[in-house]
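Number of protein chains: 2
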Amino acid sequence: MKIGILTIGNELMNGRTADTNSSFIAREINLQGWQVEIMMSVGDDFATIKSRLHYLLTFADAVICTGGLGPTADDITTAAIAQAFDLPLYTDQAVLQGIKDKFTKYNLRWVENNAKQALFPQGAEVIANPVGTAAGFVLPVADKLVFVIPGVPSETHRMLPEGVIPILHRHFPQPVEHAIKQTIKTFGLSEAAVDERLAEVNFNTLGVSVGFYPVFPENHLVLIARSDSREKAQKNLQKAQDEVTARLHDCIFSYGEQTLEEIIAAALTEKKLTIAVAESCTGGLIANRLTDVSGSSIYFERGLTTYSNAAKISMLGVPAEIIEKHGAVSEETARLMAEGVRKLAGTSLGLSSTGIAGPTGGTKEKPVGTVYVALADVNQTVCRHHAFRWDRKRNKQVSTETALMMLKNYLQEK
Amino acid sequence: MKIGILTIGNELMNGRTADTNSSFIAREINLQGWQVEIMMSVGDDFATIKSRLHYLLTFADAVICTGGLGPTADDITTAAIAQAFDLPLYTDQAVLQGIKDKFTKYNLRWVENNAKQALFPQGAEVIANPVGTAAGFVLPVADKLVFVIPGVPSETHRMLPEGVIPILHRHFPQPVEHAIKQTIKTFGLSEAAVDERLAEVNFNTLGVSVGFYPVFPENHLVLIARSDSREKAQKNLQKAQDEVTARLHDCIFSYGEQTLEEIIAAALTEKKLTIAVAESCTGGLIANRLTDVSGSSIYFERGLTTYSNAAKISMLGVPAEIIEKHGAVSEETARLMAEGVRKLAGTSLGLSSTGIAGPTGGTKEKPVGTVYVALADVNQTVCRHHAFRWDRKRNKQVSTETALMMLKNYLQEK
Numbered sequence: 043m044k045i046g047i048l049t050i051g052n053e054l055m056n057g058r059t060a061d062t063n064s065s066f067i068a069r070e071i072n073l074q075g076w077q078v079e080i081m082m083s084v085g086d087d088f089a090t091i092k093s094r095l096h097y098l099l100t101f102a103d104a105v106i107c108t109g110g111l112g113p114t115a116d117d118i119t120t121a122a123i124a125q126a127f128d129l130p131l132y133t134d135q136a137v138l139q140g141i142k143d144k145f146t147k148y149n150l151r152w153v154e155n156n157a158k159q160a161l162f163p164q165g166a167e168v169i170a171n172p173v174g175t176a177a178g179f180v181l182p183v184a185d186k187l188v189f190v191i192p193g194v195p196s197e198t199h200r201m202l203p204e205g206v207i208p209i210l211h212r213h214f215p216q217p218v219e220h221a222i223k224q225t226i227k228t229f230g231l232s233e234a235a236v237d238e239r240l241a242e243v244n245f246n247t248l249g250v251s252v253g254f255y256p257v258f259p260e261n262h263l264v265l266i267a268r269s270d271s272r273e274k275a276q277k278n279l280q281k282a283q284d285e286v287t288a289r290l291h292d293c294i295f296s297y298g299e300q301t302l303e304e305i306i307a308a309a310l311t312e313k314k315l316t317i318a319v320a321e322s323c324t325g326g327l328i329a330n331r332l333t334d335v336s337g338s339s340i341y342f343e344r345g346l347t348t349y350s351n352a353a354k355i356s357m358l359g360v361p362a363e364i365i366e367k368h369g370a371v372s373e374e375t376a377r378l379m380a381e382g383v384r385k386l387a388g389t390s391l392g393l394s395s396t397g398i399a400g401p402t403g404g405t406k407e408k409p410v411g412t413v414y415v416a417l418a419d420v421n422q423t424v425c426r427h428h429a430f431r432w433d434r435k436r437n438k439q440v441s442t443e444t445a446l447m448m449l450k451n452y453l454q455e456k
Numbered sequence: 043m044k045i046g047i048l049t050i051g052n053e054l055m056n057g058r059t060a061d062t063n064s065s066f067i068a069r070e071i072n073l074q075g076w077q078v079e080i081m082m083s084v085g086d087d088f089a090t091i092k093s094r095l096h097y098l099l100t101f102a103d104a105v106i107c108t109g110g111l112g113p114t115a116d117d118i119t120t121a122a123i124a125q126a127f128d129l130p131l132y133t134d135q136a137v138l139q140g141i142k143d144k145f146t147k148y149n150l151r152w153v154e155n156n157a158k159q160a161l162f163p164q165g166a167e168v169i170a171n172p173v174g175t176a177a178g179f180v181l182p183v184a185d186k187l188v189f190v191i192p193g194v195p196s197e198t199h200r201m202l203p204e205g206v207i208p209i210l211h212r213h214f215p216q217p218v219e220h221a222i223k224q225t226i227k228t229f230g231l232s233e234a235a236v237d238e239r240l241a242e243v244n245f246n247t248l249g250v251s252v253g254f255y256p257v258f259p260e261n262h263l264v265l266i267a268r269s270d271s272r273e274k275a276q277k278n279l280q281k282a283q284d285e286v287t288a289r290l291h292d293c294i295f296s297y298g299e300q301t302l303e304e305i306i307a308a309a310l311t312e313k314k315l316t317i318a319v320a321e322s323c324t325g326g327l328i329a330n331r332l333t334d335v336s337g338s339s340i341y342f343e344r345g346l347t348t349y350s351n352a353a354k355i356s357m358l359g360v361p362a363e364i365i366e367k368h369g370a371v372s373e374e375t376a377r378l379m380a381e382g383v384r385k386l387a388g389t390s391l392g393l394s395s396t397g398i399a400g401p402t403g404g405t406k407e408k409p410v411g412t413v414y415v416a417l418a419d420v421n422q423t424v425c426r427h428h429a430f431r432w433d434r435k436r437n438k439q440v441s442t443e444t445a446l447m448m449l450k451n452y453l454q455e456k
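Protein chains in written order, with our numbering: chain U, 43 to 456; chain D, 43 to 456.
Just chain U, with the same shape it has in the complex (with noise of 0.2 Å):
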């Protein structure tokens, strides 16, 4: 089947806002086997609406709008399609009764404006938006479809799944009925070195199609099996999974969504293991990883920052000699950064890192991008170098993972 998608908006054409539904709804269709034929953006006009609509009808199966339902003057989507196709406008009672019950709930001053988003095209069918108060419709087109939901992504992001898709699939019978996707994130490899490490894998044969999704520092695969029995698709899914971790298994540390800190928030809860950490290059983004979990109060004890030498001489114990002897960035310091918040903390793990972020402060020695990451536990300590060479954010931002992955190792081999 053929999908066109139409994002509505002044704010996209002006590049006020990016247009990031179109890649959703295309990602989500392509994971139910369909193709994505054409994707259009297009300002709040009637009769550029009406025009383009009719062109994307002569290419595709149905049509997914997004935009242009809110209850402003500005907004016409509605109208326009209505206007397209030469339909009257009828006013849903149960939308309206729904949007006035908001009204009420929120004390909010009704006003009369509102009761446009109550308005369908005659013959459209009502899709409920479960988070916003702009519904979207469906409207058969002789043997077409034409979709219109709201353009707002959280609302965009759960309509399309729950609303569209559903009346696709009951207006379109698909002879392939089983798609089971699996996500497997890594670190480590650069897209074109993963590629490169995979492609001898004939996922074809498989009857699997391979998605690569970079999401600095990671770079994420999502593997789509399809067959027309469940239990086929997943041996093959089953099979290409095996294939890639053969290849990759050095770098993989998800099957599926979770996060690199969620795996390790698990890990540390399950075995009851507390953390600090102590932080020079990558300044407070280790603990700020660590802290995007709910709940990490149980595992988290405290993390220092200590930018100056004074901090790592005070509150970590690394003796000045040794800073003064092998410098603050060195394998020296970093261990005893990790031994000492482990101490002071009284926790089970120390985790640690010091590095020149850049641009300034690299030497011949130790250019921009020299990292240490230090693991302590109460017998042992693990030490890394590393040289990267992106810029200072990016810098950061790798070393941090860096670390979560020693610590995740750490956790997983235990």
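The set of hints was computed from the structure by calculation and includes no laboratory data.
Every value quoted in this text rests on a predicted model; they were computed, and no experiment measured them.
Be careful, since some hints might not be right.
One copy or two, either will do: identical chains are not told apart, so a pair holds if it fits within one copy or between any two.
[As the list claims (entries may be wrong)] Simulated crosslink set (DSBU-like; lysine-lysine; CA at most 35 Å straight-line):
| # | residue 1 | residue 2 |
| --- | --- | --- |
| 1 | LYS408 | LYS92 |
| 2 | LYS158 | LYS44 |
| 3 | LYS435 | LYS456 |
| 4 | LYS147 | LYS450 |
| 5 | LYS274 | LYS186 |
Let chain U serve as the given structure and place chain D on it in line with the hints.
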């Protein structure tokens, strides 16, 4: 002048890559006073590129295409465009030599396939690529122009302003000669509230356009004044800026592109002040923001993420009785955290945060989003209470921004 944008690539149609070029191009085009009439994305397919390009040319004076200029088999944009206008391809010898020189310089084996990147449709003018191997081109078609540049965002971001826009100006001379831009960054009001405060300002009569760019938790405004004289544009821009300042002065923190942390960095450096940070709910994010600025080690002494009560007590000297009586999330604790970290670090200033980021941990008296931020100098401590209503990550972000704004205001009033 009306512009069409055509982004080309299978990765756009399957949602693997989000199209960020269209909104970038739209914004830059808008800045010139031109209008984007239509934006479209298509896959790497001869017939489709050809037909969609002809469709765009029925609306637009110029079409800007991106993507599909690489050396591999699926990069077909140049050939498809030549075909669309029945033009043969020619090899540009200078471009070919440039590519060969790069291979020699980097000691790469020459593969004949790469010569493809030196092919252009007859009649096209080459547009140099200052940051990659794929050159772009402009092709005059009757009285219109078709531009083709690479889809790699870093290359698009250079070649659009340096290559495409000057050619557009040359080919379509504009009566409006001078456009001056001013970014104004605000924090503390929703986009709708900013809009409402500015509702009465008549930017049109000043010849000034205004764009809103929300960058959570900030809202940025971009004013663009256009006039046939530079002086007049400058004068009108100043008038518009004064109107904005009169209405938004309490939430403007930057006139220009400087970030909040860069403004703070400049003020701390100029006043020779140092700072230490004690964080609870922001989890290291304040330290991370402050250390995003190169050279921050001059003023940033240390940051403590005191997640546990033990850390607040032992390192910051917050008395256990205060935490017991008022709670870790309280004005009293926030004040003592700021004072404690300042004393501990021996800095001019101490900045602190304590709150409930959520989604768990809220109570009836102190719901999720309750946050206290405090700033201490040698003479006094100020503390503010806030009630936010976002998710965990956004509560951390908005709390951090609030703490940094407090610091910035202090530094500017001092």
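What hints, given by number in increasing order, does this structure fail? Violated hints: 1 and 4; rest satisfied.
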